[in-house]
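Residue numbers for the sequence shown follow the numbering used here, so the first one is 1187 and each next one is one higher.
Rather than coming from a laboratory, the hints here were simulated on the basis of the structure. None of the values given here were measured: they were computed from a predicted structure. Hints should not be assumed to be uniformly reliable.
[Said to hold, decoys possible] Okay, the calculated beta carbon distance ranges per label pair:
hint, residue 1, residue 2, range
1, Ile1230, Phe1318, 26 to 34 Å
2, Val1203, Ser1238, 20 to 28 Å
3, Arg1195, Leu1317, 31 to 39 Å
We treat Cβ as the ideally placed atom computed from N, Cα and C, and that holds for glycine.
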Amino acid sequence: MTILSPILRVERILSAVCIIFLILCFIVTFLNHDLPELGGSVGIIDHQELWSNMDPLSHSMYWFGDFFCHQKSFHCLIIMGTQTPLCIRDMSMFLGAGIGFLLSPFSIRSLTIKGFIIGMILAPLTFYEWLFEKVMGV
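Based on the provided sequences and hints, a complete structural model is requested.
Encoded structure:
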């Protein structure tokens, strides 16, 4: 039995969490039908009355999406007439993080200061995009 390094263990756990969360986004979409269009604002629970009638898994997933995602229908996947809890951009971030954590042990290059600084500059771009949308009213 091979002993994993602590960093590799954490990367595998984070990868599993991201991928499982993404899979759950699709599962709860199949479990819930006849949801209305879910447009809203980030940081505000717009549809609490809808989530209160759902099973606990669907409730928590749609609540998470309602709080952390704008849920505009033209940015979301519609599966069998039901909108996913997160928009495609947010789901893509979970997919990218999951794949990135999964593949990072196979990277030949180790993290350098330059790579860390570039990552710290690129990481908040989603926040800046959201802020731009809020300020400009887009």
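Against the structure, the hints:
The hinted range of 26 to 34 Å is not satisfied by Ile1230 and Phe1318, whose Cβ atoms lie roughly 18 Å apart. Evaluation of the 20 to 28 Å hint for Val1203 and Ser1238 yields a pass: the beta carbon distance comes to about 26 Å. For the pair Arg1195 and Leu1317, the beta carbons lie near 35 Å from each other, so the given range of 31 to 39 Å is met.
The structure does not agree with numbered hint 1 stated previously, though it agrees with all others.
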